[in-house]
Amino acid sequence: MRALSISVAVGLFFFAGSAFAQQARLGLGTPATPEQIRGWDIDVRPDGAGLPPGKGSVEQGEKVYAEQCAACHGEKGQNPAKGFDRLVGGKGTLATPKPVQTVGSYWPYATTIFDYVNRAMPFTAPNSLTADEVYSVVAYLLYLNDIVPRQTIMDAQELKKVKMPNADGFIPDGRPDTDDLKCKANCK
Amino acid sequence: MSVSRRRILASGAVLAIGGLSSVKSGEALAGTTPPDVPEWMHEQGRPILSPAYGLPSKFEKDVVRRIREPRATDTEAFSVTPLQNLHGIITPNGLVFERHHAGVPEIAPDQHRLLIHGLVDRPLVLTMDDLLRFPAVTRIHFLECSGNSSTEWRKSGYHSVQRTHGLLSCCEWTGVPLSTILGEVGLKPDAKWILAEGADAAAMTRSVPIEKALDDALIVYAQNGEMLRPEQGYPVRLFLPGFEGNMSVKWLRRLKIGDHPWHTREETSRYTNLLANGKAYQFAFEMDVKSVVTFPNADRSFKAPGSYEISGIAWSGRGHVTRVDVSIDGGATWRQATLQGPVLDKCLTRFRLPFNWQGQPLEIQSRAYDDKGWMQPTRSSLIAARGTNPRYHFNAIQGWKVAADGVLTNAST
Numbered sequence: 026m027r028a029l030s031i032s033v034a035v036g037l038f039f040f041a042g043s044a045f046a047q048q049a050r051l052g053l054g055t056p057a058t059p060e061q062i063r064g065w066d067i068d069v070r071p072d073g074a075g076l077p078p079g080k081g082s083v084e085q086g087e088k089v090y091a092e093q094c095a096a097c098h099g100e101k102g103q104n105p106a107k108g109f110d111r112l113v114g115g116k117g118t119l120a121t122p123k124p125v126q127t128v129g130s131y132w133p134y135a136t137t138i139f140d141y142v143n144r145a146m147p148f149t150a151p152n153s154l155t156a157d158e159v160y161s162v163v164a165y166l167l168y169l170n171d172i173v174p175r176q177t178i179m180d181a182q183e184l185k186k187v188k189m190p191n192a193d194g195f196i197p198d199g200r201p202d203t204d205d206l207k208c209k210a211n212c213k
Numbered sequence: 027m028s029v030s031r032r033r034i035l036a037s038g039a040v041l042a043i044g045g046l047s048s049v050k051s052g053e054a055l056a057g058t059t060p061p062d063v064p065e066w067m068h069e070q071g072r073p074i075l076s077p078a079y080g081l082p083s084k085f086e087k088d089v090v091r092r093i094r095e096p097r098a099t100d101t102e103a104f105s106v107t108p109l110q111n112l113h114g115i116i117t118p119n120g121l122v123f124e125r126h127h128a129g130v131p132e133i134a135p136d137q138h139r140l141l142i143h144g145l146v147d148r149p150l151v152l153t154m155d156d157l158l159r160f161p162a163v164t165r166i167h168f169l170e171c172s173g174n175s176s177t178e179w180r181k182s183g184y185h186s187v188q189r190t191h192g193l194l195s196c197c198e199w200t201g202v203p204l205s206t207i208l209g210e211v212g213l214k215p216d217a218k219w220i221l222a223e224g225a226d227a228a229a230m231t232r233s234v235p236i237e238k239a240l241d242d243a244l245i246v247y248a249q250n251g252e253m254l255r256p257e258q259g260y261p262v263r264l265f266l267p268g269f270e271g272n273m274s275v276k277w278l279r280r281l282k283i284g285d286h287p288w289h290t291r292e293e294t295s296r297y298t299n300l301l302a303n304g305k306a307y308q309f310a311f312e313m314d315v316k317s318v319v320t321f322p323n324a325d326r327s328f329k330a331p332g333s334y335e336i337s338g339i340a341w342s343g344r345g346h347v348t349r350v351d352v353s354i355d356g357g358a359t360w361r362q363a364t365l366q367g368p369v370l371d372k373c374l375t376r377f378r379l380p381f382n383w384q385g386q387p388l389e390i391q392s393r394a395y396d397d398k399g400w401m402q403p404t405r406s407s408l409i410a411a412r413g414t415n416p417r418y419h420f421n422a423i424q425g426w427k428v429a430a431d432g433v434l435t436n437a438s439t
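Residue numbers (our numbering), protein chains in the order written: chain A, 26 to 213; chain B, 27 to 439.
Isolated chain B, as found in the complex (with noise of 0.2 Å):
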């Protein structure tokens, strides 16, 4: 029997079967599940090469960054990761939340060039071709905007955790240290501090201290193997692990070295923190340890009584987690969850907990520990500590409520 006519009596069979049967929409198809055989192993499927950079399912359609809210313009803007979605502690690129302050640049990289000067002894341009000469390493690193969460100091109402938790990606970066770039410019013994100035719309700038710039500081251009995405910098970026995004200055065209901080309006007007008694923390660089509950979400919870296993990401941009504990009862009890490996400095970890619901209402949370010794706070610690006036650095314990339905809420509305 030919191909085509196999694939007429095929699909004639699924018409007939689905005249006879009501299938509910969400339910697979009659004629697809057992006994049947599905019609896509009657016929070839799709050719290789469609498309040539491969996209995923279409039936993933919904896996995508989203705004918060509506802001006054699109390129001062936000888009936040799907977290509920993601497994693994890997973020795809295309999902890699996205904050720009003035759009994002379109750079031909023959055509850029990182200048670094000041306080060395011999100021440089360097191309992209001498970038990629030098040597590289890799490394896997989470990066959070510090105004991640920031919603939670005054109870956002959000239920979707891409909403209260989605200024946060994981990736592979690779690049240069910027300690081996440093050396080839030749520090002068007065250089304190680095100004890294991106090539957007904004010139975005920040100060970075020295002691980081020669620690563990990067000069990347490539995330998950590939160069990085344009709304990730491309094609070059400064990357400080563990520290506040913003100052992974992207699309870095320039490194001033110099003896004190430049005060530049995002380490003054923004990304400053103020307290309840009117000072405000200035160079808050390393981002708290922190964790979340992923699944259940409000997305994908718990449908029947039964096996789940409840998951989420744990961080800290001073170390390593070491541990996690999940509570149900809103924090009464805990029970210490596996943490799935590796487990990496500055980097996301896995956690997860078999558990097995009998269809009882729930408040979920996750507490994260890193090997610094710190422990994730509480929310009202939090604001014992610091009030309900800072934009940045929310790392408390996120509460989720789960009801009787199964329906997930924010704990903390």
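Only chain A is shown next, with the shape it has when bound in the complex (with noise of 0.2 Å):
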């Protein structure tokens, strides 16, 4: 602090008056307005935050996915074209030589599904369903994971309550974690 001073002291006397003078911000940029703020804002985290109003049902999201998903992602999320992510299925691979990752095996909180189709898909037209469009397609997908039974109508309340199979599946990053990668000298 002592030495901020000092520095800013001096700034003062080389610079006092002129143009060039340390300024703590540069007030440059225009605030953000909440209506500005509103229309960008789209995440959506794992308790919930940035869940918009709305709700679907599995039937709903059925035909939705029917109409926007299976092209890619196959009928039921089993059998995806060439090239597409699996979605359901993969259950107890994770630690076999051939895993299946898919949102039912792998992903760790249901909000994300909403948060990714919500600004991602469809892929020939992203950001362009509605939110009980999300909701419904959201709910479809968990329940053919078999996570939630198909008379459930997902909405924000319901989705941040639900617990994925693979929650506790993720550790923090171990690396450098291997014998050649022992840390010799001044290490962090």
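To be clear, the hints were calculated from the coordinates, so they are not data collected in a lab.
Heads up, some of the hints might be wrong.
[What the hints assert, rightly or not] Only part of the chain A face toward chain B is listed, based on derived beta-carbon distances under 7 Å:
1) Leu53
2) Gly54
3) Thr55
4) Trp65
5) Arg70
6) Lys107
7) Leu119
8) Pro151
9) Gly194
10) Phe195
11) Asp198
12) Pro201
13) Asp202
[Claimed, not checked] Which chain A residues stay away from chain B? Per the calculated CB distances, all over 10 Å, these:
14) Gly73
15) Pro78
16) Glu84
17) Leu154
18) Asp171
19) Ala181
20) Gln182
[Said to hold, decoys possible] List time: in silico DMTMM-like cross-link candidates among lysine to aspartate or glutamate, alpha-carbon distance up to 25 Å:
21) A:Lys101 with A:Glu183
22) B:Lys218 with A:Asp72
23) A:Lys185 with B:Asp216
24) B:Lys181 with A:Asp202
25) B:Lys218 with A:Asp193
26) B:Lys305 with A:Asp171
27) A:Lys107 with B:Asp100
Small disclaimer: the values here were computed from a predicted structure and weren't measured.
Cβ atoms here follow ideal geometry from the backbone N, Cα and C, with glycine treated the same way.
Make one complex out of these two single chains by using the hints.
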């Protein structure tokens, strides 16, 4: 703090009254209005923060999925077109030589499905589904993965309560973790 | 003698000589090598501004980005840098690898906005004009996709270093320290993570720890002296030196400051590292120390016995390269290579080692060390630690076999 005061004093000595004076803030940019933020603030967190109003059923989701998703991800999320993600199944495969990483077997949070489908899907028309449609397709995917029952009506309250099978499957980065990579000196 | 008459006479001479000698393809045309004076010394060359934005020589037409394998789409896709053709450490802008999740948006800079909000005192909208008024810095750093060389977990069979290691580039980046911009908005005390979001059709998002944001993170608008290429995030991108490339979000439109990570699709379903025991490393950010020999390579290798220079690149996302060893016997013995300065933090370093080939079969490897004390591991020790299921962060020693006829192949096949 004292060093800072001295440097400020020195700065004033050299640049007092000049256009080159150091400023605490540059004053660039324009204050963002709540309306501007609302239009772009689309992210959703595992605690449910960011989930919009709306709701959808498994049945509605089945329809949306058939129209918007099945062409790439396959009927019932099981047999995707080549190069596209399988969304359903894979339970019990993560610790095998051929892991099947799907929404059901791998994804730790159901809220991420909402966030991702809402921002990036369907592939040919991203960010085009209504909140109700996204809730319904999330409900359908969770139902196909045996995570929620068929009568589920998905909304913000329901979605943040969903516990995913692999929620505890993630651990902090353990690298460097090889014998060769053992730190020799001065390591963090 | 007029220029045109001289030109006609000269080309006539070329034709006459060409008719007499049988020129093998790949050899210089008769009339261009000593003692003959080539035709292009008898006439004016191409005028200036043809074209106005300069291009490589037409004889370098094969030095291009390539795809590794066809993919289901060409917008959720990637292309790889031709490392075998590059010299020094800088990747020319047209050769920087691409990894897009929804193609390359075409964004007019005056239409672009960067919104910064969340746990801040003063949420702001910045235009490109605003960003260009901030105090800028220029840094040289590599950018590596964490999926680079990931095919080697299971032995790719690729012989080209472009295919095995080409999700790697290195540029001079210019922009504004993110810490400066965060100073403008004012962080609230519980600010711990920042969500960075792109303006592409995937609205690509990653959570960035505040420590990195306040350390060396940049908001970048220029690469190698010119504005970013569209494929690199024009008009503005995040750049996190040493971190996996995916986090340096392109076409940056939004930074939201929060108290927890968001667990987006790109940091859960993707860019996590599934271990043999079924658990996965999450938030594995730094790119570990790594190196690869780029000459000899599958396109250009040793031909006749004699003098050559083995050359390659080394880098570390944790600091700078301190040493590179080269082996020609599959790792049994090692020789220390010369490092080409400047050796910079989180930057490619070129290494070189003179070599006299006697026509014997070789297995060439390189092994890098960084200033934090880390050493590049062997493939077997990496697999012993993590298995073969991870799709990211493969940094093991790469071997290239050179046969007695000079043909180079991937030693891991």
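Hint by hint, here is what the structure shows:
The closest approach between the C-beta of Leu53 of chain A and any C-beta of chain B is roughly 5 Å, which is under the 7 Å cut-off, so the hint is satisfied. About 4 Å separates the beta-carbon of Gly54 of chain A from the nearest beta-carbon of chain B, less than 7 Å, and the hint is met. For Thr55 of chain A, the interface hint holds, since its Cβ comes within 7 Å of a Cβ in chain B; the closest pair sits about 5 Å apart. Residue-level restraint check for Trp65 of chain A holds (minimum Cβ-Cβ distance to chain B is 6 Å; threshold 7 Å).
Restraint check, Arg70 of chain A versus chain B: the minimum CB separation of about 5 Å is within 7 Å; hint holds. Taken as an interface hint, Lys107 of chain A checks out: its beta carbon lies about 6 Å from the nearest beta carbon of chain B, inside 7 Å. Hint on Leu119 of chain A holds. Least Cβ distance to chain B is approximately 4 Å, under the 7 Å limit. A cut of 7 Å between beta carbons decides the hint on Pro151 of chain A: the least distance to chain B is about 4 Å, and the hint holds.
This hint holds: Gly194 of chain A has a C-beta 6 Å from the nearest C-beta of chain B, less than the 7 Å allowed. The beta carbon of Phe195 of chain A comes within 4 Å of a beta carbon in chain B, closer than 7 Å, and the hint placing it at the interface holds. Of the supplied interface hints, the one on Asp198 of chain A holds, with its beta-carbon coming within about 4 Å of a beta-carbon of chain B, less than 7 Å. Proximity of Pro201 of chain A to chain B holds as hinted, the smallest CB-CB distance being about 6 Å (cut-off 7 Å).
The closest approach between the C-beta of Asp202 of chain A and any C-beta of chain B is roughly 5 Å, which is under the 7 Å cut-off, so the hint is satisfied. Every CB of chain B is more than 10 Å from the CB of Gly73 of chain A (nearest about 12 Å), matching its label as outside the interface. At the 10 Å boundary, the C-beta of Pro78 of chain A stays outside the reach of chain B, the nearest C-beta of that chain being 20 Å off. Chain B leaves Glu84 of chain A outside its interface by the beta-carbon criterion, the shortest separation being 25 Å against a cut-off of 10 Å.
Every C-beta of chain B lies more than 10 Å from that of Leu154 of chain A, the closest at about 13 Å, which supports listing it as non-interface. Every C-beta of chain B lies more than 10 Å from that of Asp171 of chain A, the closest at about 19 Å, which supports listing it as non-interface. Non-interface status of Ala181 of chain A relative to chain B is upheld: no Cβ of that chain comes within 10 Å, the nearest being about 16 Å off. Non-interface status of Gln182 of chain A relative to chain B is upheld: no Cβ of that chain comes within 10 Å, the nearest being about 19 Å off.
A C-alpha spacing of about 22 Å is found between Lys101 of chain A and Glu183 of chain A, which places the hinted pair at or below 25 Å, so the restraint holds. Of the pairs offered as hints, the one joining Lys218 of chain B and Asp72 of chain A holds, with about 16 Å between alpha carbons and a cut-off of 25 Å not exceeded. With a C-alpha separation of about 23 Å, the suggested pairing of Lys185 of chain A with Asp216 of chain B holds against the 25 Å cut-off. At most 25 Å may separate the alpha-carbon atoms for a hinted pair to count; Lys181 of chain B and Asp202 of chain A meet this at roughly 21 Å.
Proposed proximity of Lys218 of chain B and Asp193 of chain A is supported: the alpha carbons are some 22 Å apart, at most 25 Å. As the CA atoms of Lys305 of chain B and Asp171 of chain A are separated by approximately 21 Å, the hinted pair is consistent with the 25 Å bound. Straight-line distance between C-alpha atoms of Lys107 of chain A and Asp100 of chain B comes to about 13 Å, which keeps the hinted pair within the 25 Å bound.
Checked against the numbered hints above, the structure violates none of them.
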